[in-house]
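Please work from the sequences and hints to get the whole structure.
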Amino acid sequence: MALADYLPIPTSKLPAPLRGPSTKFVLEDGTPVHGMLAQYSKTPDLVHAVEAVRDAGYKVWDSFSPFPIHGMEESMGFARTKLPYIIGVAGLSAAAMGYLLQWWISNDYQMVVQGKPYTAWEPFVPITFEIGILITAFTTLLGMFAFNGLPRHHHPLYQSERFLSSSDDKFFVYIEATDERFDPEATRKLLEKTHPDHIELIGQRD
Amino acid sequence: MTQLSATQYKRRLKRIAEHPAMSAENITADRASMDKAAAIMIGIGALLLALTAAGAVIVNGRHALASYAVGVYAVTAISLGAMFWVMVFELVRSGWSAGVRRQFENVMMNIPLCVVLIAPILIFELAAGGVLFHWMMGDADEYLVNKKSAYLNPAFLAVRFLLYGGIWILLAMKLWGYSMAQDQTGDRYLVNKARFTSSWGMLLFALSVAFFAFDFLMSPDYRFFSTMWGVYYFAGGTFSSIAVVAIICCLAKFFGRMTGAITAEHTHDMGKLMFGFTVFWGYIAFSQYFLIWYSNIPEEVAWYTHRKENGWEVLAWLLVFGHFLIPFIILLQRPVKRSLVGLAIVGVWLLVMTTIDKTWIVRPMVYIRDFAQNDPGPAGWWLDVVAAAGVFAVWGGFLVRRIARVPLIPVRDPRLLKALKHKNYV
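Line by line, the protein sequences give chains A and B. With the first letter of the first sequence counted as 1, position 197 gets the number 197 in my numbering; the numbers rise by one all the way through. Heads up, my numbering is the position in the second sequence plus 1000, with the first residue counted as 1.
Hint data in this document are derived by calculation from the structure and do not stem from the laboratory. Note that CB positions come from ideal geometry on N, CA and C, so glycine has one too.
Simulated crosslink set (DSSO-like; lysine-lysine; CA at most 30 Å straight-line):
1. Lys42/A x Lys170/A
2. Lys59/A x Lys1423/B
3. Lys1423/B x Lys82/A
Some chain B residues flagged as far from chain A (calculated, every beta-carbon gap over 10 Å):
4. Ser1023
5. Ile1058
6. Asp1141
7. Met1180
8. Ala1206
9. Val1314
10. Val1411
Just a sample of chain B residues kept apart from chain A, beta carbon distances all over 10 Å, derived:
11. Gln1003
12. Lys1014
13. Val1406
Right, dumping it as structure tokens:
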């Protein structure tokens, strides 16, 4: 996963999926293996391959397509994101903070505005609402970035000439070497059964 | 639909007819038992309304009429909300809703009943020279009433009521007629006709609903005015009509109907609309209150002042939490929106809340002039429950009767294929 690539954390202390490239397997020239890439030219092939990888129990992997494919979440076996709960907590606590801030200021530094009570709840509502919305929006965007490991400026996949066509007319499945089930032989065998055009190993080069 | 050739269109209707969800027993209700249920509901409703009439004599006539009006305004809002959704679905050529649209049409066709139920309110008001409509009473503030008399006078009010009723019944009959004809013939151009009717119908609907709300829910206190009032009343009908449809679908599922025709995907979409319009209600209800509270103009703010004292503040706070905050938090949850049972439970809650909303609007009119004299105390509170429940039971009875008489989904709607395959990709 992406986190170890740009955070100065000792990789040995991270949980397995975040640990960065495995050095268990190396290419012929000695570079560590980052993952295995399989290329497909038809959408149904990709969907079937993705389902096979999911059923084999892989966790650290991804698929690539030039366009969105409906139902890919189920085919890849994605769990639903936990982001909504984080957003909910952040948004509601931000709204509460917004209300408390106004109540504190109006109560502590009392000013007569239009003869209304100092701490009337009505004028606090729009600001409470706006702060809630603002923090919710920020949490959504930044939380999405954090969960996706973004922003990320480089990925070992970009070394592959073939991978360029993932934005044109080809489909890819990529299994990373950090996955516990990754094994150059077994993984290749699994991918070969799904009739890919090519399979290649990607090295961890900078 | 028009770009399909005749053969393609025929093939599409054939594919719809051959869909496993379209088997006859799956899309028709058991008429005999439904008729029995309808008869029981109408019977109970009639009994409760008779009790209300008795309460008018025993307890207080104004109180009884106000309680009855609360129920009538609530079911009218729901029926009008259903008509709004039918017109929206036709206008935007919505594919997902083709299956559930029939239930909205069933609720919509209670509009003639609602007009009949409103009529006694108007008749009593006109005959008694004002029961809740304070501008009709002799001791009203002469200056203001004279200023407003060009609009607020009994003859014009009766004309306007006939106009609103006429518009609603005309629109409902037209849309219902197209849908029924389509069930029979499968004519693809009926979709376009319904869409055209909805285009001018939506404009008339918006104006007639807004002015109905002005005339019957706002102007009883003739000093009060709010340009948001029409939207407030309309907002009360939008989510509650979806609540009724969710309850219908939940019961249909319970009795083994509409399997495969109404799925978690349709439920999810109805849940989203219910959520959105509950928030919409909260938004405009607060905005209306907020502006009036801030500007503090006596004739406007008095309306809210009456509803923030003498115990009405309990209902006001109940609406803030029960009508907005609690449904907001519950309907935020995706699993609730995707579960028909969850949505039906929230739906029942929202129906209670929208009735309490109408209670909070209408009932204080009984006490506004002389609180102590007219207050029957808690001894009369049973009238509020009995009258509203009676109206809801009669209204529900006619709804159940109608559901049993037509297929549960529009069987030859060309968009049904899309609805049967509908899926949310979020």
